[in-house]
Each structure stands twice: as C-alpha cells, then as structure tokens.
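Chemist: Here are the chains, one letter per residue:
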Amino acid sequence: MDSCKTQLYKCEPKNTQEYFSRFRIPSGCAIFGIMDEAGTAFSGSSVIDGISLMRERSNGLGGGFAAYGIYPQYEDDWAFHILYDDKEAKSQAEDELGKSFKVLFSEEIPTRKVIGVEDPPILYRYFLKSASSLPSRKDNVNGADGEARSRTREEDYIVDFVMRVNRGITGAYIISSGKNMGIFKGVGYPEDIGNFFRLEQYRGHLWTSHGRFPTNSVGWWGGAHPFGLLDWSVVHNGEISSYGTNKRFVSGFGYECTLSTDTEVITYLFDLIARKQKVDLELIHMILAAPLWDEIERMPEDIKQAARALRILYGSALLNGPFSIIVGSNEFMYALNDRIKLRPMTAARKDDRLYVASEEAPLRLVCPSPDYVWRPGGGEPVIGRIKRAGKKEGHKAGAAVKQQDKGK
Amino acid sequence: MALKLTESEFEIERDPDKCISCQVCVRQCSNDVHDFDSDDDIIISDSQKCVGCHRCESMCPTGALKIKEREAQFKTNANWSAHHLHNLYKQADAGGVMLTGMGSDKPYPIYWDHILFNASQVTNPSIDPLREPMEIKTFIGKKSQELKFDNTGEEEKGFSIKLNTRLSPQLELSTPIMFSAMSYGSISFNACRSLAAASSGFGTYYNTGEGGLHRDLYKYAGNTIVQVASGRFGVDADYLNRGAAVEIKIGQGAKPGIGGHLPGEKVTRDISNTRMIPQGTDAISPAPHHDIYSIEDLSQLIHALKEATRWKKPVGVKVSAVHNIAPIASGIVRAGADFVTIDGLRGGTGAAPQAIRDNVGIPIELAVASVDERLREEGIRHRASILIAGSIRSSSDVIKAIALGADAVYIGTAALIVMGCHLCQKCYTGKCNWGIATQDPYLTKRLNPEIGTRRLLNLLRAWSLEIKEMLGGAGINAIESLRGNREHLRGVSISDRELSILGIKHAGEPW
Amino acid sequence: MSGANKYDMETTQYLIIGNSASGLAAAGAIRSEDKKGRITILTEEEQVNYSKPLITYYLAGKVDLEKTGFKDRDFYTSNNISLLTGTRVISIDVEGSHVVTGGGKKIKFGKLLIASGGKPVIPKIKMTGFSHKKRQGCSLMDSSNYSSIKGVFTLTTLEDAMKVRDYIEKNEIGSATILGGGLIGLKSAEAFLELGIKINIVELADRILAATFDSRASSIIENAIEARGSSIHKDNTIDEIFIRSGRISGYRLRDGIEKNCRLLIIAVGVNPDLSFIDKGLIRAGRGIKVDGRMQTSAPNIYASGDVIEGPDILLGQNRNIAIWPLAVGQGNVAGSNMAGREAHYQGGYFMNSVEILGIPSISMGMTNVDVDDGSSVEVKTEFRPERNQYKKIVIRDNRVIGIIMIGNIERAGIYSGLIKNRIDLSGMKENIFREDFGIIHLPSDYKKHLVVGEGIEV
Amino acid sequence: MKRIYINEEYCLGCRLCEIYCQVKHSKSKKMIKAFKKELSDVLPRVLVEEIGYNSFAIQCRHCADAPCVDACISGAMVKNENTGVVTCDEEKCVGCWSCIMVCPYGVIKRDLSSRKIASKCDLCEDEDIPVCVKNCPNEALKFGEIKDGGLTGSKKDVWSK
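Residue numbers (this note's numbering), protein chains in the order written: chain A, 536 to 943; chain B, 560 to 1070; chain C, 2 to 459; chain D, 52 to 212.
Wrong hints could be hidden among the right ones.
[Unchecked claim] With a straight-line Cα cutoff of 30 Å, these simulated DSBU-like cross-link-like pairs (lysine-lysine) come out:
#1 C/Lys449 x D/Lys160
#2 C/Lys63 x D/Lys78
#3 B/Lys696 x A/Lys876
#4 C/Lys448 x D/Lys160
#5 B/Lys990 x C/Lys449
#6 D/Lys78 x B/Lys625
#7 D/Lys193 x C/Lys448
#8 A/Lys811 x B/Lys627
#9 C/Lys37 x D/Lys130
#10 C/Lys36 x D/Lys143
#11 C/Lys164 x D/Lys143
#12 B/Lys627 x D/Lys185
#13 B/Lys865 x B/Lys778
#14 D/Lys53 x C/Lys72
#15 D/Lys143 x C/Lys171
#16 C/Lys72 x C/Lys164
#17 C/Lys449 x D/Lys185
#18 C/Lys72 x D/Lys130
#19 B/Lys721 x A/Lys922
#20 B/Lys625 x D/Lys80
#21 B/Lys627 x D/Lys81
#22 C/Lys68 x D/Lys160
#23 A/Lys811 x B/Lys871
#24 B/Lys577 x D/Lys84
#25 D/Lys53 x B/Lys577
#26 C/Lys127 x C/Lys235
#27 D/Lys167 x C/Lys63
#28 D/Lys193 x B/Lys778
#29 D/Lys198 x B/Lys778
#30 D/Lys198 x C/Lys448
#31 C/Lys171 x C/Lys63
#32 A/Lys839 x B/Lys778
#33 B/Lys825 x C/Lys449
#34 B/Lys721 x A/Lys876
#35 D/Lys84 x B/Lys627
#36 C/Lys68 x D/Lys130
#37 B/Lys634 x B/Lys563
#38 C/Lys68 x D/Lys143
#39 D/Lys143 x C/Lys72
#40 C/Lys260 x C/Lys107
No lab work stands behind these hints: they were computed from the structure.
Could you put together the complete structure from these sequences and hints?
Modeler: Below, the structure is given as structure tokens:
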C-alpha cells in the first residue's frame, strides 16, 4: 500500500527520511512523563511500565524515550545519539563531527534483541566537546551575562550543526543533541523499544515516553518520538492544524523543518521562544495555547497586557488544533494541552515526583497512591522544576530563562 | 451625429401588459433612457443610452422591464472582437483615452477559483463555531519587538508579571476584513458614511482614499485609515492624527503607475473643504509622489508621518501588484512600514484608462504568495502586516488569502456591490444611478447610509460567520493559525509553476 | 355629594349650558382629565345630539336624521354625562353658584360653562295680512312672532330643519326665498338646490357672502346659482311680507318688486344668546368676554363657542367668530381648565368651507382688506372663469392673512397653517401661487417642522 | 403611537409610495389591474412633493391634536384613542371639506369617485406596516415610535456584534 501511494508522485522520495520530510503524517499517540523534582535519579523501568499500559494508543510504528541525568560522567559535554542507515553515512558524519568537536568518547548504543523490533539502523552515541575554534571559546567576556551569551552562541552552533548533518548527510540522523540526556527511539511499540535499548539499566531524574499511532505504514527510526534538539525533547499527542503557520514562522528564524512533524516544529518553537527569545517558562502557554480574547479581557490588568502582547506578537506560534505535549529539559518538565483541551492529559504528584500521561491508568500503575491527581485545563501548563541546590550551573538550558528574571 | 457606428450594448424589454406607465423608470434613469409620452400614455426606451446598471429594472414595481445584454451583431471575428470595434469607433469619435471604471473584467486566471481549502477528518476534530469559541480578531502592525517583563511579586504569591515594553501601534480588527480606499469624490458622501459607520459598528476599518476626511465622519475617525496619496489632498497634521493609521498610497491595482483625476465639476463645496482644494478645480493626483523617487525617499516619508503622529499610529504603504512586487514589498518593510498593502490586477477604480486597467499588473494571489514567501525568506515577515486588495469576492477568497499569507484583506468592489452597485463600469461618468459613484445630489440621496451601513454590517457579519465555519471545519479556532498556513490549500488545474509560486500542493497530494 | 342637600337643589361638579360643538368638546376634555366628577349638560333643544352644520344636509336629504349626530350614541353614557334636554336656563346666580332653569329648577355647580351658542337675528319687517287680495291690516314681524307665520322659518336648529322639511313635503314647495346671502343663507340655498327647489336670495349687500368673499368670488357663485334658474336680489331687502290665512304668500322688495312666496327662510345672521346673562355679573359685549383660559369675569364660570367674543389673531382684537372648528377648540380649552389642567386658547380667525352647486369654496381670514390701509398688503389673484376657479391670496407684511379658493380647494389647509402660524414668506411669495403649490415650497424651517416634525430626528 | 416618519433626505421621488397606496386602496388590490382598469377610482393618499433633487412623501401625520377632527362637522373624522390613528368614516362624511380647510399638511383630498368624501391616509390599519413605508426602496419613510430619542419598531437590524 505504501509503495502504491508513493508511486502517485512524480518524484519518489529518495529514502524514508525524505519521505518523512515531504509528507506530514498525522498520528494518534500515548505520552508519558515522570520527573523527580529533587533530582533523584530512578530507573527507566517505571516509565516503560507506564507507557506499556497505553499500548492501544500506539500501533507499533514508533516508540521512544527521553531520559535526563543519565550521563553524569559527561555532565558538561554534548551527548549525541545518531542513527545511520549505513557505514558510508556514519563515516561522513564522523568526519563532520571530527571537524567541529573533540570526540571524548563514542560507542554503539547498547541494545538487546527484542521480538517486534526489527531492522534497527546503526545506533551510535558520542560525547563531545566543542572544538577550540568555536567563537564562544575565544570569548573573554566575564560574568554571568557574558557566560550566558557565550553559552547561547555555543547552543546556536550546535543547532546549526545538527541541522546541517540531518539535512546534508543522507542516511545520518542526529536524534539527540543535549547534555547529560539522551533520546532512545525506534520503530515498534514503546515498551519493546525500551527493552531494546535496555532502559531499565539507566537512571535519570526525568523521563518522557511516546507511543505512536501514525496513519502511514512507513517505518523510519528517525521519525519516531521524542524529537530532540539540544536539551529539548518533545513528546506530543495530537495534530497541529496550525502546522503550516508555525513551520513558516520558525523558518523565518532559521529553523528548517526537515521532518514535517508537529513534534519537530514544537521543539523549534520552544527553542526559539524559551531559549533564544528568553520568554519565561511561566508565559509560554500564553503563546502556544494562548487564552481566548474573551478570557484575556477578563484578566487582571497586568496579566492582561502581558497576555495581549504575547498573543499579538506570537500569533503565528499559537499551536492550534488538538494536542497534549510533554517537553523535557534538564531543568524542567513542561506539559501542556491545547487551549480547548481536545486531547486527554492527566497529571499527578507524589512527594517530589511529578507524573503526566495521556490517561490516568498508567499514573495509577506506577504511582498507586498519589498525593493528588488532576486533569489540567486547556492551555493550563503543568511545570515541574528541578529543586537541586548548590549544583554547578552552566549546563542547563532552562537556566537561560531564569537568567532573564534576574536581569530585571 | 446621425451616423452610429457603435451598437447598443443592451436591449430593453418592456412588457406592455405589465407596464402601468407609473414612470418610476423614467424618474430613476440618469441616462435619460426612458421617456414618457403623456399623449399616448406610453414609455419609450432608448437602449442606445442604456449602461446596463439595472436600476430601472430593480425599481419597476410590476417587473415589466428587463435589461438584457445584447449580443454584438458585428460579423464574428475572433481577432477583431466587438470590444475592439467599439473602442475603435469611440476613440475615432472622441480622440481620447478610453476610460472605464471598476476592476478589470478580462478573463485573466482567477487563482482563488483554482485553490481549495481543507477540512479536518478523523485524525483531528473539526470545531463547531456555534458551540466553541472561534477567534478571528486580527492585529495589523509591526510584531517584531522583544517583549520585556517585570516580575512584580514574590514567587510564593504565584504568577505576577508586568509587561515592560510598549507594543508597536496595532490596529485591532474584529474580522480580517477592511474597506478599501475609496475617496470622497470618487464615491458619494453617503457611501463614505456607510463604510465608516459599518467599520465602526463592526470594529474594523475603512480607508479615506485620497479624498480627505469629511468633518461629519470625524466620529468614525477611530475606525479610519487615512491615506496620503500623491495629491496630498486633505492631508494636514489634524487629518493624520485623527486617523487610526496612515497609509501612503503609491499605486492602485487598477492603474499601476497612473495618477488620478477628479474633474472640477465633481469638486463641490463639501469636497473642496474636505480635500482642501478650491471648489470647482480639478483634483489631480500625480502618477508618482514627487517627493518619492526612490526607496529611501519613502523611508523618509514613513518616518515623517510617524513623527507627525508621535509614533502612535501604524504607517503603511499601498502599492499595486507589479512584476517585481516581492522585492518592492521587502524594500517597503525595510523602509519601516508597519503594513504593506498590495492591490492586485483586478482591483477597482472610479476611473482608469482601459488599456492600463486591463493590461498592467499581476493577479493578487500570486503577488501575496510571493511577497509573503519573500518576507519570510528574509526573516522580516513579522516586521509588517500584509494587507491585500483587488477583487476579494467572498469569504472563501478571504480564507484563501489569509492562508496564502495575508494578514487581512481590503474589500472595495464587494462593499460597493452590497450598497447596490451593478458593475456597469460607468463610475467615471458621475451618473451612477445607485447613488454611489456620483456627486449629483439627485443621485446621491439614493443611497440611504442607514441602509448602506446595515447592508455592509450584514456582509461583514455573514463573511465572518463563514470564515468561522471554514476555520472550524479545518480544526482551527484562531485566525492567526491560518495565516500563511498554505498546508490547508490545494490547487486544482493549474501548472506546477503556478503551484510553486503560490507555494501550495496540488489537490490529491497529502501533507 | 348631593346626599345631605338633596332636598335643597341638584348639584353637579361641572355644568355645561349647550349641547353642541363647544359644550360637548368641553365635556370630553373634562372627562379626560377628571374621570369621576359629575358632568351635567343642559340644552333647551329636545334632540339628544346633532351637528348644527348638518341640518342643511339633513334638509337636503343627504343625511338621515340619525346621522346628524356628531358624537357616538353612547357618548353620554360612556363618559358618564347627564344630559337634560328641553331645559332652558333662565338665569345664573353667580354668587350662589347655581342656575335657574325654565322649569324653576335650580342646579348648583362647581364649574359652569356657557356654550349656549347663538340665536338667529330676526329683522323687523312690515307684515301685511291679505284676504282675497285685500289688505287686512299691518303689523310688524319680529323675533316674538315670526314663528307663528306659516312658511317663515329660521334655519339654525335641527328642529327648524325638520319643520322646513315637513313644510316642503306637505306644501309641494317649488321655490323658496332666502333672506340673507351670508353663510347660513348659502348653506340653505345649497340644500334647496339639492332638492330641486329654485331659490331667490335677497341680500342687502351688493353681493352674496359679502363678509368672506370678494366680488369676483361672489360672482362665481352667483352666476352658478343664476344659471340654475334661481335669482339673487342684491342691494336689496324685503320691505314687506304678505300673509294670507296666517301663511306667507309673498313679499315686496325694497326696489318695489313683488314676488309670490310660500317659503321664506330668514338667514340674516346669528347673535350670541345672552338672554340669561346678567351683564353686570358676567362681562359681555356682543358676546361674553373671556380670558385665554376661556374664563369669564365671574369666578368658576367659563364660556366658549358661538356665545363668546374670542381673539381674532388677524385683527388683533376680540370678536365673535361663530364657526365650528373654533367652537370645538375653545370647548377643549375651557373643559381642560375647568377640570384643572391649564390650557390656553391661541385665538382663531374666520374660515369657512361651502360647496354650492358642485363648486367647492374655502375662504379664510381677511379676504377684503383695503390695500391702502398703510400696511404692506399685497393681493394676488388668479381667475380661470372657464373652470370656475378662482384663487386669491392676501398677504400683509409677508404673511398670508386671507385666502379665497374657489373651484379648486386642494391643499387649502396649508394656507390655513401659514395664517395660523404667521409664517414669514419673504422671498418665496411667488411659490404660493404655483399650481403644484405644496409644503416643499414653504420656508425651510416651517417645511422641516411639517415634514420631519419638531425635534424629531429620524 | 406608531406613525410614519419622513426622512426627506433620502426620498428619491420615485413615487412608488403613491403607486402602492393606490393599489392598496383599489378594488382589486392588484397593481396591474388597478392601474389598467381601476385607476380613475383610486387616489393616492400619500403625496410626493418634489423640486429638483428635493423631494419627500407626505401623508396624514395623525396629529395628536388633529385639527381635522375638531373641524369635522359630521363626526366622520375621528382619532382612535387607543391607536392614535385618525380616520374618516366614509359613511358619515358629508363632504363639507372642513378638514381640507384646516389640515396644515394639505394631505386630505376630495374623493369624488362615488360620493364626495374626504380621502386620507388610514395608516393601512390592516397591515403591519403601511404599504408606502413597506415599499419605499430607500427607507425615506419609516414606521415606528419615537422612544428615548430613537425610532423603534422600524425595520429591525438583524445584525448584532
């Protein structure tokens, strides 16, 4: 069926990645996320348990996980997960890596054989330091401000690099490009993917997971979720009707959507708004799931002016249509429903743990006696923040956002 | 002249069994087509004088009249069509430029009719606008600043924040539809008043054209875009500051590169006051602005107008859609305009040389697509809003225009039709039987602005409802999520080249 | 209210003398203000309610007896009004607030309205009795005895009209003489002509309707009457009437002509009926004098209608103008004031509409002004003899003060409004003579007032 | 009371009001038949006055203090206290033309078609809206009541924000 379909078009996609970049594939999904706000790491098995309970929300064509805090030994270094179709792609990509980074360590990502996970690509991970030629390293600006600026430059550089590789090297695809975090994903049911990647052996303080129900039959590991860029990872259930608007909005800021997926564009929106434009996390829902004008009218004056301004300026960043998303980063977990709540999402808290899932059942499974459970309203964000004290700063994407507050 | 080379374009059929000689037709025709013979109690009609405005037919209480388009009786000739013969005969008579009114009626492709809109099925719910909120509020203006916020309270108090940035001036539209620039002079005061009152009633804007702002319309000033055109008619500091926004008019879709000319006989006392020119003198708008011979001159004027309005009003620039429109628009945005108005090939006019109207410019659909794309490529799309004009005929045209990348549309011809215009294209004669394109007090009173206003409001309401229906169908509940969202458009029976300029896929292609 | 004094005298809150236009208008106005106060109306006539101007229509057979009423049959009951017919007031006790009726009854009132109207004037005429062509003796006809002469009538009440009608039927009358070419005379003439009875009009002045018409207007009517075989004797009067067997048989005119006559209508005029008024207590001239509220010089006593002297807005003085519309208007004002709601009478002017032999005519205001009286008077006339049409407009100080319209009376009321509202026509006097004259030709303020209405913005 | 308000600024002088009034008061009430066969019988009760581009249609104003009612000698001209409508009872009217004499608007006419009677606007009492108003193409005539400075009961604006 797939082949019939693709033959309809004059020029067939060169490969699956191009297929994904040319056609938007709507999908239903399961999402799940757990964060320990105290920063205590825990095994990936509970997140696998949770997502497996929502098996009927997936159809075996994609599953994945994002895990934070899993590479403490390379805490300050870039951790890249890259998948390769073939060795040729791998050597091309490694050439590029070598030009831009100092590779501290690389290895094949450990996996195990699992029924239901077939034909995996070559899966590699790299721990990298920016090459000394990077402009940021030459920067002698002192103080927090200067450091933040050089950090931003470095992050921009990473973004450029990831985009260059993913667009330019056929058969190579960087699926994860943050620090002390990693994305594990592939074609299959999510629990199978979790087992495949041996995730029960990793310990992290924040885990998100995704089970996919796409309406096509093409399997490409890169097309599974979460989608990541820098520290960002996004899992998403829904279909963004505003995709075209959002895509062209971020494209105006240099983000090229190569995958034609909602998740990708949401990630770029987060990167643009939260990292680059430094909009406070507390305000982001007023952009992505902007309140109705009627609601804005009824807000207290200060907030009204803020909401109004955000909506006027960021109208093209409004995510319209049904969605529930969980955005992960080293510093926070951010979950959000569309503004009129067309997709399900439930959250729960127990001590330091924050849980978000498409349904309530998996929450109850992994956390049988929560302190409380609630269903966030449309456009009402659920935010979990890391509460670790006395940690070294300088490696947290979220810190840029906080930085701005201090500046005022 | 006894020798008549031209043929009458219309045939007037009067059913004698129905005609009651009430003479309504006689009284209504400003072209003296109908004549009552009291001796014989019959009405004789001279179809040679008929312009096909259908006023008499609309007013006839018994339905005795029918105005039919008459097929040309010249010998069929695919090359030398009746149109050309007529023009040649007329030009040989008069020796002048062939004038015409309204937008081009030539069969250039209408891309709106080759573009289809999308709807949600299964994977994504459509939204019922009768039950769910459906937002079409639109803001026109620059959207490029960085927002700064102050934290006003302690964290434990929860979320408390204060905006610390003044937004660039914005026009707030309750619907992404505005009324095009039509000057007092080209149209009657009652028509202007209807447009103004409807804008104010609905929460949108109308545009003064280059006709100045009549004192009696000051009360609608908050919904008025004041235009600064090459004639600078009616422009002073008060005029600029009364308006909600200022638009510099460089060109008009119906006559790119051409100025305007309001003959002295139309410059009544009222118009002379409003335009600030002597009564009875011709009001001539030069083809170019003589202080704008290049882009930096435009930038100076934009900034001068911003200074004059203390940076409180958006200042935009209106241009005709010409071949080089994308770079021109880019230049305008870079020159500091808060919005760019693009008027397409089929845009209307009160008077234009037929040769220009029908042969110069490009269709608005291609223009908006390429301008939007170009501005995005250059990363400056958010620095200005795009307004488009030039034959937006329906709410679906509006939807498609926005999905192609427009922020809002201007409607001119549609608004006039709503007020009664039958597109006879004789605006330039000043004898508009519908009381719109005329200053003859006998004719202008035919447009009761109360009715005009009501009908325009109904139009805005109807289109807004339809836009909401279509948005909801596509699973979108805010108009900003449609803007530039070409994923929701598909082309039918147009070439790959056209598709690529429009930036849309062909029908049948999925996402 | 009358409980304690019921043996003393009948008491009423509002007492009205007169059951015609003014009296009934007042009764209606009282009732709309005061829903409860007792209203009593006295009339010396026997009829419950009829319109005096209709009696000639009744006479002509154009209106049935039952249609002579101008108020609905239930006007009295629905408004709770007691009507005492056949009750003539003999005197008014101003101090005692009561009236004395012909029957000796006393009626005490809270407020009194005198709307007793007028009485026909009977000239004194030599009367000669005949028997077989021989004079039998002379006496003088006057108001005390005219009604005993068969064939001699006045025509101001319905009873008069019934008698005349009865007389005509019984005596197969083919011609009638009308003494007096004024309004009543002409209305009577209109009736007789309708009935096919030839008429002789005897008029002291040099033309008929001399008070309201000019000579050209009069002549149009005169010509029409004469063309029907009737005759008009102008500059003339009846010097002597001949009686046979108690019945009129003829008369001799001042110019010596003698005529046979079996029906003589005396229509030389009407005077206010002041017979029961003590002029010492209630001031009166030719009619009762009233203020703008229609109150007489006596407290609680009002007067309106044909019995009073009211302000003539054109002459600027008070005079008796015995016409229906003014009587109604005055009655309304009087009634309102009696019931406690302040109202003021704006004054009036003479106007009359009469149609004779199919020629409608309207005259209003001062139509015979001497052009040389010093004020700037302009007279505009238009005469179309072939159409029996005549129009005359008298303008003083740019304001219309009089109009005659004969033949074509369309939109005559617009002139009435111009007179009443004293509209200044400076600069547009030509307009008012246009054939298509209308409101649109009037001064813009007044036009706006008429078309849009005062203070109304649509 | 509801009455007809004149908006002279927007009168076209088309005279459709007169035409529809004539039809309304014709025997057949059918326009073509009325005009082709019955016209001589029917007077319009609304008058269009016109000079150049100034024009308006006027009909009985149904005055509060109607002079025609005061002047009527036969009781034919009455003002309905409930509706405020002034009508002439054709049965009672004797054709004395006193009403014509006193009407400052000049909107009462002599109807000589059968008996001589006064002809005037009856506000089309059997219609919701008088036909002259209903058929005015430019709303130069409006039917309603002035309340709080505005005209009510006229054509409803279906539009609301």
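Chemist: Could you run down the list of hints and mark each one as holding or not?
Modeler: Structure-based check of each hint:
no.: 1; hint: C/Lys449 x D/Lys160; verdict: holds, 22 Å
no.: 2; hint: C/Lys63 x D/Lys78; verdict: holds, 25 Å
no.: 3; hint: B/Lys696 x A/Lys876; verdict: holds, 21 Å
no.: 4; hint: C/Lys448 x D/Lys160; verdict: holds, 20 Å
no.: 5; hint: B/Lys990 x C/Lys449; verdict: holds, 29 Å
no.: 6; hint: D/Lys78 x B/Lys625; verdict: holds, 28 Å
no.: 7; hint: D/Lys193 x C/Lys448; verdict: holds, 18 Å
no.: 8; hint: A/Lys811 x B/Lys627; verdict: violated, 65 Å
no.: 9; hint: C/Lys37 x D/Lys130; verdict: holds, 23 Å
no.: 10; hint: C/Lys36 x D/Lys143; verdict: holds, 29 Å
no.: 11; hint: C/Lys164 x D/Lys143; verdict: holds, 23 Å
no.: 12; hint: B/Lys627 x D/Lys185; verdict: holds, 28 Å
no.: 13; hint: B/Lys865 x B/Lys778; verdict: holds, 23 Å
no.: 14; hint: D/Lys53 x C/Lys72; verdict: holds, 26 Å
no.: 15; hint: D/Lys143 x C/Lys171; verdict: holds, 28 Å
no.: 16; hint: C/Lys72 x C/Lys164; verdict: holds, 23 Å
no.: 17; hint: C/Lys449 x D/Lys185; verdict: holds, 23 Å
no.: 18; hint: C/Lys72 x D/Lys130; verdict: holds, 12 Å
no.: 19; hint: B/Lys721 x A/Lys922; verdict: holds, 26 Å
no.: 20; hint: B/Lys625 x D/Lys80; verdict: holds, 24 Å
no.: 21; hint: B/Lys627 x D/Lys81; verdict: holds, 27 Å
no.: 22; hint: C/Lys68 x D/Lys160; verdict: holds, 23 Å
no.: 23; hint: A/Lys811 x B/Lys871; verdict: holds, 29 Å
no.: 24; hint: B/Lys577 x D/Lys84; verdict: holds, 9 Å
no.: 25; hint: D/Lys53 x B/Lys577; verdict: violated, 35 Å
no.: 26; hint: C/Lys127 x C/Lys235; verdict: holds, 20 Å
no.: 27; hint: D/Lys167 x C/Lys63; verdict: holds, 11 Å
no.: 28; hint: D/Lys193 x B/Lys778; verdict: holds, 25 Å
no.: 29; hint: D/Lys198 x B/Lys778; verdict: holds, 23 Å
no.: 30; hint: D/Lys198 x C/Lys448; verdict: holds, 23 Å
no.: 31; hint: C/Lys171 x C/Lys63; verdict: holds, 19 Å
no.: 32; hint: A/Lys839 x B/Lys778; verdict: holds, 28 Å
no.: 33; hint: B/Lys825 x C/Lys449; verdict: holds, 28 Å
no.: 34; hint: B/Lys721 x A/Lys876; verdict: holds, 27 Å
no.: 35; hint: D/Lys84 x B/Lys627; verdict: holds, 26 Å
no.: 36; hint: C/Lys68 x D/Lys130; verdict: holds, 18 Å
no.: 37; hint: B/Lys634 x B/Lys563; verdict: holds, 16 Å
no.: 38; hint: C/Lys68 x D/Lys143; verdict: holds, 7 Å
no.: 39; hint: D/Lys143 x C/Lys72; verdict: holds, 11 Å
no.: 40; hint: C/Lys260 x C/Lys107; verdict: violated, 49 Å
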